[in-house]
Every structure is written in structure tokens, then in C-alpha cells.
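*Asks:* What follows is the residue order along each chain.
Protein chains: 4
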Amino acid sequence: MSEKIKAAIVGSTGYGGVELYRLLASHPYVEVTSVTSSSSPGSLFSEGYPHLTDIHQEPLDEVNPELLKSKADVVFLATPAGVATKLAPQLLETGLKVIDLSGDFRLKSPALYEQWYKKQPADEAYLEQAVFGLAEVYGEQVKGASFISNPGCYVTATTLGLVPALEAGWIKPDTIIVDAKSGVSGAGRGVSLGNHYSEVNENLKAYKLNKHQHIPEIEMVLSDAAGEPVVITFSTHLTPMTRGIMATIYAKVDGSRSAADFIDLYRSYYEGRRFVRVRGEGILPSTKEVWGSNYCDIGFAFDERTGRITIVSVIDNLVKGAAGQAIQNLNLMMGWDESLGLQFVPVYP
Amino acid sequence: MSEKIKAAIVGSTGYGGVELYRLLASHPYVEVTSVTSSSSPGSLFSEGYPHLTDIHQEPLDEVNPELLKSKADVVFLATPAGVATKLAPQLLETGLKVIDLSGDFRLKSPALYEQWYKKQPADEAYLEQAVFGLAEVYGEQVKGASFISNPGCYVTATTLGLVPALEAGWIKPDTIIVDAKSGVSGAGRGVSLGNHYSEVNENLKAYKLNKHQHIPEIEMVLSDAAGEPVVITFSTHLTPMTRGIMATIYAKVDGSRSAADFIDLYRSYYEGRRFVRVRGEGILPSTKEVWGSNYCDIGFAFDERTGRITIVSVIDNLVKGAAGQAIQNLNLMMGWDESLGLQFVPVYP
Amino acid sequence: MSEKIKAAIVGSTGYGGVELYRLLASHPYVEVTSVTSSSSPGSLFSEGYPHLTDIHQEPLDEVNPELLKSKADVVFLATPAGVATKLAPQLLETGLKVIDLSGDFRLKSPALYEQWYKKQPADEAYLEQAVFGLAEVYGEQVKGASFISNPGCYVTATTLGLVPALEAGWIKPDTIIVDAKSGVSGAGRGVSLGNHYSEVNENLKAYKLNKHQHIPEIEMVLSDAAGEPVVITFSTHLTPMTRGIMATIYAKVDGSRSAADFIDLYRSYYEGRRFVRVRGEGILPSTKEVWGSNYCDIGFAFDERTGRITIVSVIDNLVKGAAGQAIQNLNLMMGWDESLGLQFVPVYP
Amino acid sequence: MSEKIKAAIVGSTGYGGVELYRLLASHPYVEVTSVTSSSSPGSLFSEGYPHLTDIHQEPLDEVNPELLKSKADVVFLATPAGVATKLAPQLLETGLKVIDLSGDFRLKSPALYEQWYKKQPADEAYLEQAVFGLAEVYGEQVKGASFISNPGCYVTATTLGLVPALEAGWIKPDTIIVDAKSGVSGAGRGVSLGNHYSEVNENLKAYKLNKHQHIPEIEMVLSDAAGEPVVITFSTHLTPMTRGIMATIYAKVDGSRSAADFIDLYRSYYEGRRFVRVRGEGILPSTKEVWGSNYCDIGFAFDERTGRITIVSVIDNLVKGAAGQAIQNLNLMMGWDESLGLQFVPVYP
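Residue numbers (the UniProt record's numbering), protein chains in the order written: chain D, 1 to 349; chain Z, 1 to 349; chain Y, 1 to 349; chain X, 1 to 349.
Careful, some of the hints might be misleading.
The list treats identical chains as one, so a pair stands whether inside a single copy or across any two.
Said to hold, decoys possible - DSBU-like mimics (lysine-lysine), calculated; alpha carbons at most 35 Å apart, straight line:
1. Lys71 <-> Lys252
2. Lys208 <-> Lys4
3. Lys208 <-> Lys6
4. Lys71 <-> Lys86
5. Lys208 <-> Lys172
6. Lys69 <-> Lys208
7. Lys252 <-> Lys208
8. Lys71 <-> Lys208
9. Lys119 <-> Lys86
Calculated directly from the structure, the hints in this document are not laboratory data.
Generate coordinates for the entire structure from the input sequences, incorporating the hints supplied.
*Replies:* Written out as C-alpha cells, the structure is:
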């Protein structure tokens, strides 16, 4: 490798953008050449994020496709819903590669996007072009692509926990219930009473039951895996911690399968993919065991009394659920080892 | 009321005992006349619990039925599994009223107890005598009883969330899945790596899936409500907070019922019982909203796409899930208003 | 006592107001007859604070002196800085008793108020009239007063830890350094990046060093105790917890005094005042040991190597640091036992 | 660099050992060839630390100098107090380089060690040989050394905050007071009531005032910088977070110096040392801003009213306070850039 590629990060205010910066800073083949801010171009990254003092020293750039084209080869969009809709096509037109971390290009159906996001959908041609970057499932399509739509955090934890079983036909699709729990950083850096420390600390809160905008995205992947439309019950809970998502997944098993069978099936499905770790019998992963890393850990418990399998899938929402998987997708796009720059150990404790 | 009754607390080391002390200290009709310790009788309560400095000044008593009889009218047992098995009958023999907060007398079947607790069960005559103190369901049987077995914390949150629907036949019993989450105090004060701060903080952990010893107790209550044997899938999660339990309950609805119908049904079932608050449409309770109080708050979300109802039931595990409900049972036993000494506002924030 | 007095709470949005409500709800001689809201009169208290569901059922009143006069005997003002400046005199004019929890009437000097609060000071006549309600120090002046200015949270913890030593001349005033730490609720319910969960959790932050607006208030009390002007170094830190203040206080000891001497001095000073608990030798209080209660606990460590005494003083910032002490002042004003309605045990764990 | 050096970690049970493993795993010039366990050699690292699943796959080695010599070039000792006393000399005898993270070789005086650690001191010859690895102060001595005693966590935060001012004679040594606060991981992984989640959460606790075993080590460094014996007042507090240390340091300024003067002085002292970041005027670092990284961030506030400077110094106790600085010392010993393998961005949020 003679030369690094140049990357720009659009959306430096939010947690997704700053996590991209952290991870890219130690990527051996990538140089971050531009970090932008729509609200305060010209200021320093470290003004909003003092932990970056002495680390990122250049002023923030404005969000300008021509400027980005002149400075970068690939652009990561870590912007609020609705921004990439317009911006991604502009960047693609200039010949830049684009990895969008927002939800704007995840759903292939504009109508579905409008229904769940209450916003104007993107142009259908670009929706079609965008490759859904669930790396362990659609990695082959990611290779060589120039426009990636990076999956949502809940989506990643849930679908990695379900796809192998659905593809194999081992569980009954209409019995799937997903009880998901997330740390607070998943809601972003924007201030609201809902993320006020005194309201969240020592509190557990269910929210958006059956209404989370990640539901159609999950069902899109699950339907694809099952080969038939899948409709699920999906609940989300806000947990008093900063990082981490756990999806506790319930489904009726079709036929006679043990937890050990599931472990074998998943290990076989994910063979060669280092970021999915399938745990041994009787072992369930906790969110801290993947904290700060790109792993998705999966464990199983089979209940003989009810014939249900419980699948526990955990990720760090900001890494595998956002910035880490985006970099994994960059690696795949570039034909590199998917783990480049992501081969670090989870932070524990 | 001319005179207070005298109460003793056996098991002052654990969180259940110290919470009983806190609550009883402001009960208008009760005086705590003895607090015992099997490990260090003669020492001060405030040595192990400095927050009681200058509050409880008498030395801890030894655990001795004769002594307890001489000092108290009613004894609360906040002891580890297996202690009340022998001790409760001895106390009852002396004529004392007994409220046992452990699991020793909850299951009517000795075989079931042995299977789930891996301990010698209690004498069947006493198992029969013990009234299961789920106050809002079995309150009539509690009135006038002299021996109460207080329900488990997970049991209280789960069954209060399910009994009205099961009794009414509105949900299909074989589709019930309970995804329960608990704060760390539920595991008691004994030290272990599992409750080490650095291991629990910023962590979410699933444990004892389908194996929690509260399962048979829950199924006992649910079967009673349904009029047929009910078998459930039950998961427990350790959440990084001290107090609080949330049971997120899923079931298929039998017939055509809206969330509003469920709200009406539950409000009607719990009419006159101030400690169950059924929330309005679209409102889900969080654990902090009952923190430090005896409330059980219940909310509903109906998913038209799947025909499932999601029921969210929250309690403070140490109050409604242990010490508070025990006092509520004492009130019922004595023929008092069930809310005596428990009419305080949740602590928020 | 034949009849309860009627109390109104102005400022129901903030944590001070809602904590007043919680505590007053179990006061034996007080009935809360009005809770006001300047932003949404007519709405329910439980809309903003769902933990009050089914507890407070009347709509919130508007902030109107005439209305308050018609409904209440005493008004608690839990309003942001600058509101009581105008409102308290209006209420006093109608003959209402007023307890102001804000900083508007704490400093006797209008110039000092303007300097530290950057706001228009109150009318001097009313500044003069207001009795500074540090209950264990100025309790005699509180008795029979009709206008109380309730001390700040940092002020209460710090001055209760210093007054006896300063009055006795045991420490050198010009060597006092106070390193104070507070939970997040002290900053109120208003949302800001500074109290965003993901920013505060797993973080410890020093702020407003030598600049906190409580400094002149502390020095006012300390100077009064020392009989000479006292100037201190005062630091504040934001700690990742909801409630609790610890003031770690350092000073050079004048003469030869041991920790035991200090303990005796303080126990003697606070004799008969149940809310100050002076800990025994070698024992230091932690914030959780007063959590949810009106206690101020104080412990000592003497360093022979340097001749310095370290005084550790802890309170719950929302109780002894705000609402609890306000009620203690009401009790004193009314000639009641100062602990009425406040005789509860700290919540632990 | 043609070949990596081989490193062994002794003490894989504790947080220091596992953090060494995490950091060394991404060091470009180091390969971890042995991880030992005295309690369960032959087992897997991931049994005790499931986050290492699929990462470290070799069984744990026994603690055996010959074995270590055959597998490694350098040994990191992350063992409890008293173990390295004997083990380090044995390893050095075989010709291995040794970096000891415990307190066994930090104090040059055996008598002082015995007094503060209540344990048998190490052989004086080895005490003499051990270079005290406070990298930014004694880095020149570390270069080329083969035996390093790595400083304590409190020591690192405190002395980096004081040495430049003391060397310059800008503060009065006999006025130094250090109010230090630490996250819970500093106390290690051993279970005790003191680190039980329910006891630590929502709690702030002062402990070991004037008695912490790091005091003589701090005074050793400060005396060296001042050129005269320095005695300080030193307090430690347990804060409800996993990682992070803040030392809030107070001292009287000698002469007329502003905060800006201190900033200049410190920036000059630490010039070229990337791991100390001296913050600009009016900016104070928080612990989260160095979380997971090897930085020590320092800020200043000068109080004109009292003539005191307040210095706020923060580190991650497990990185700069232990494993990170140990690796920094390895880099210096080897003649490499001190930041090798440590050039990562703090984890935020």
C-alpha cells in the first residue's frame, strides 16, 4: 500500500461523527483530510469536543461538495435524517465515494421512508444505487460499491441475531419478538429532557413501542433472509448507560433444534467474519464485553418447556452500530481486509 | 387506635431488612421493637449501615423465638432462602404473626421448591397455611391471616401486569413472553464479581434465561388466573441501576381489543387499590416514576400489525417487590387501610 | 393541633418545587392547596412529572398573589434567580408568609448580589426583612419570622461544617479551602449539554472555580461566625450522580486540637438539633448515607504532619440543601418541632 | 524495525493486567507471548474476561521465571503489593527487562515502604536499581534502563500537576493540599462491600484521608522537584464511575503570577511530550476528556482574592495511571518514540 486514501467526515457535531474521527485516526490506510461543520465552519473541532485538544488542529470545513471533492476520496455522512437525501447525490456526482450513516437511503421504498421518517424521501435512482451495508450479510455487494447506506444500530444487532436462523428456516417468522435495549448515546448529542442526566440515571424507560423507525429496515433484511414478508414485534428501552445495545430476541423454533445446533449454524454462517463472535453453550454476552469495539456477540438459550429460542445479540451502538461498521464497509469497498483499523480489543472495564 | 403493634425484623444484614426498617419507622401504627442479627447480635445496626446513625440505637438482638415472642406481635423474615423453612414454624408456634419475605413458603408444592431452589422444602402443613401475599390479587385471603408468604419482586411486577387480562380471557396464555429487567439491589448485599461496580456499570447483562427461581411462582399465579396451566418464557436482565424492575410482557390478544380496552379492564380490576396505577393511552411508565414507593405502574401498547399487546409493568423491587408489599400485607392482616405508612410520593429525581 | 396550615408552591417545573411537594405531602400539619406554573397553568402536575399520576389531581394554578392569598397561608418560592425579587414583596404585602428558596434575598448587600448574580437586586427593605434560614445556626431568628430566605445547597453543607470551629476560634480563617462536589440535580431541570447523560456519565468535571455565586453567601455566614471578614477558596465539581453534595473542607488548626476535640465541639454546638449528625472518630460520612433525608452528616480527620483538619460535610442537595430545610424553617416559624414531617430514614441503597 | 519484541504479562486477573493486554495488542513493535495466572494456569484468559473471546486463545501460563525467560524479552508485573518484591529480582537475574506496576519498588526507603504498606520491603539493591517511571519527569533515566517501577495512579495525576511549579519555585511547598477523586476501577477487581454496585452507585465517599499509601511516593517526587522536603495534605474520594482520576490541587502562589503565567510555564516544561496537554486560560479538563487514553490534561484557575492557584489534573487511572504509562516507559527503555502504540484518541462519549 503506497498511499493512504483521503476521507472527509460531514457532521462533526454528533456522536457518530466524532466516533468516526476516533476510529479513522488509527486506521493504517486512511487519512482524515476534512471534518466539516454546517453550524460553525472555521472553528476548531476541540471547541465542541475538548478531548480532541492538540489532536485535530485544522479548522472545521464548510459543507461544500466542491471543497470536499478537492480534499477527499471518500465522504462519511454522519448527519441528521433528511440531510443526506440531497447531499449524497451531489457528492456522488462529483465522483466521490459516499458512506451514509443516516437512515435516508436504507429503505428502498420512498413511501415506506415517508411513512416512518415523516420526511421527503430521496430520489429513487439513488435509493436503488445505495448498497445496504450490513457487512456480514451483504458484504459481497459492498465490495466495489461507491455508495453505501450504513445500517441503523438496532438493525445491526437484531438482524445479525436473526438472519442465519431465518435463512435456514429454523424459526417461525411470525413468532419473532425483539426486546431491544439501548444506551443513551444512541439518541445523539442534541439536548432534551429525555437525555437529561437526572431523568435518565437510575431509570429504565420503554419508548416508541412498535413505532421505531428502524422497524421497516429490520423487516426488510429479515424478509430478504426468510424469502417471505416478515412482520415483527419490536420494543425499545432506554438504559442508564452511555454505550451498548442488547437485542433479546424470541421466536418459536421450527422442528427440533437445541441451543448447540443454533451455535453451530451461526458459527458456520459467520465463518471467516471476525466481528461476529458466537458464544458457547450456556454463555450469554453482555454489552460491556463489546464496549468500544466492532464486535457483535451472540448467545443462545433454548427453552424446552415452550419450544422457544432466545437469542441475545449485543453491540456497541456507536461502533458496530455506526462508525465501526461504516469503516468496515469502507474496507470492503476498497478490497481491503474488513478488519483494518478495527482490530482492537474491547475496553474493559 | 390507642396502641401501636410491635414488630420485629429478622435479617438486618440484607437490603430487604433495612428497607423494612426504613418504611416501618414512619408507620403510624407500628413500632419496631427488635431488629435481629444472626451474625453479630449485640452490635449496632448503624455499624453495618451508617445511614442509621442516631436513628436505631438499641443493639441488635439474637435470632431467638422466645425473645422475639417477648418483644413483638409480628415478625418480618428477611432471610436468605432456606432459613424461614425452619424458623417460621417456630415463630408461629409461639403465637406470633409471621410475614416471610423469602421464597420458602411461596410454592405450594414441596417438589417444585426443591427443583427450583435446590433446598429442603418446608413442612407441608405450613406451606398450606401460608397465604400468598400478592396484595391486589389475594388481598381477601390476607385479611385475618397470621402467616403470609410475600411474593418475589419479579413475580409482583409480572403477575400484576397479567392477571386481569388472563382472568378476562383476553390474551392467549401460551403466547406469553416476559422480558424482565432489574436493578442490582435485587441480588442482595452479598458481594460477588457479578455486583462489582466496575463490572456492572455501563453494562447490561442477560442471566438465568428460562431458569429463574421465580418462574414457578409466576406460573402458579398465572395458572390460577387463567383457570388452566400456564407456561411462559421468562428472561431476566441486570441493569446498571440500584432499584427498579420493569417487566415488558408480550402476548397475542384473543379477539379484537384495543389498548384502550385493556386500560379500562385493568382500571376496573384494580379499582380502589391505590398502589396500582394504570396509565392512559400512549403512556408507558418508567422505573424511576415508582422509585422508593409502593406503586406498580402499568402501561399498554397494542400492535395492530401483529395482534400482540405489550404490557409494561414497573415497581421498586425493594418496596412493592419486597418490604412495601410486606407492610401492605400487615395492614390487610390487621384490618387497616392497606396504604397505612405507605402513602408517600415516589422520590424524583 | 386542630387544623392544618395551607401551603402553596410556586415553581412546579423545577426539582426544588417537586421535592417540596413530595415532602409536604407527608407533613402532618400542612396541606398543599396550590401548586402553580407560570408556563402552563391549568395543566396537570403529572404531565411534566408522571410519577405524580393519581397523587396530585388539581390543575396547576397561575402565579397570582391574590389567588395565592385566597388559597394559602404560606408560600414556598422555588423559582429561578430574579423571580422572587419582585414576587416575594407582593406576596408579603398580602399578609402571606414567604419562604424563598432562590438566591434573591440571601445576600444583605444589593451590590454583592448584582456582582455575583448579574441581576437587579431586590428592594433593600425586604433584603433586611428576610431572615437567612440556616436552621441550625440562625434558628432563633427564624422562629416567628414571616419571611425566610432559604440557604443554597453548597452553603448549607459548607457552613454547617465550619461554623462551630470558627466561632470557637479553633481554625485559622485565612487558611480555609473548600473542595465541594455535587450531584447533577443541583443544576436544575433545564436542559443543556452540561447535564446531558452521555456527557456527565462516567465523568467528573470541575466548574466555576472561585466564581460560584454561593461564595459571598458562604463568606457572609463564616464572617459572622468568626467575627471578622473571612475569604475562602471555593471549588465546585460535577459528579456523576443525581443527588448529594460533599464539602471537603481544609483548614489549619489554631492551637493543639485532635479530631476528638473537634467531634466534642461540634456535638456540643449541635446538641438538640437532630438533623446534624457528628460522626465518631475515624468515621467519614458518604453522600448516600443522607440520601433523600434532611440530615447533614459531618466527620473529621486531623493530619498531624501538616496541622490541618479536614472536615467532610454531606447533605442531600434537594432536601437539606433546599426543600427539606425550607420545611424545617416553616416548622421553626410556626413554633413546631423542627423535625415535623422530616423524621424519615435516608433511602439506602 | 525488523522484529517485534516479546512481552509477558504477569497478573492477568486484575484490571491492570487486562488493560496492559488491551493496549499491547495494538502496539506495532510488541507481541504478547505470555500471559500468566498464579491461580489458574492452563485456563483461558477469556474465562475470566469474556470480552477476550476469540482474541487471546493460548492457555494462561504459570508464573515461572524460567518459562518467562524462554518466551519473553520484557515482563510487566501487574501483581498485588508484595509479589514483585521477590519476583522482580528473580526475573532480572535471568536477564529479562522488568516493568513493575505495583508499589513494591517505588519508595527508595525500605522503612517508608514498611510503614505505609505494612509489608516486608524489597532488597535495597533492587530498590536502588529500579528507575521511577514518571515518564515526563524522569524519562531520561528511563531510557536504557532495564528495571522500571511504574508510578501509582494518584501519584501520576498529582505530580504531573505540581512538578513544574515546584521546580520553578512558584508555589509555597508547605501550602499544598491535594483533593483527589478516583473511579472505582482503581481499587481493583477483588470483590468487597466497598465496590458493590448498590453501595457505590449514587454515592461519593471520602476515604483514607492523610493515610493513602501513595502519599510518600508523591512527596518523594515533590521533594525532588522542590529541592527540599515537601509534606502535603492528601485526600482521596471514591466517585461513582469506573475510570478516571482528578487531582484538584491547591497552593499559595509565591510572587505575582497569573493563570496565564502558569500555562506558559507548564507548556514550556512539557514541550515535546505529547501526553501532557496543558489547557488554555479558563479551561479546565474533565476526566472523560482523557478516558481510555494516555493523556494527562492540566488546567489552572488563579484566585486573586486569596492568592491561591488551583490546578486540575486528570488521567485515566488504568492508562496513564498504570498500563499506558508502563508501555510509555517500555518505549523509552527501547529508545522508541514514547507514544508508540499509544497514539489513540480518547473514547468520547
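*Asks:* Looking back at the numbered hints, which does the structure fail to meet, lowest number first?
*Replies:* The structure conflicts with hints 1, 2, 3, 6, 8, although it agrees with all the remaining ones.
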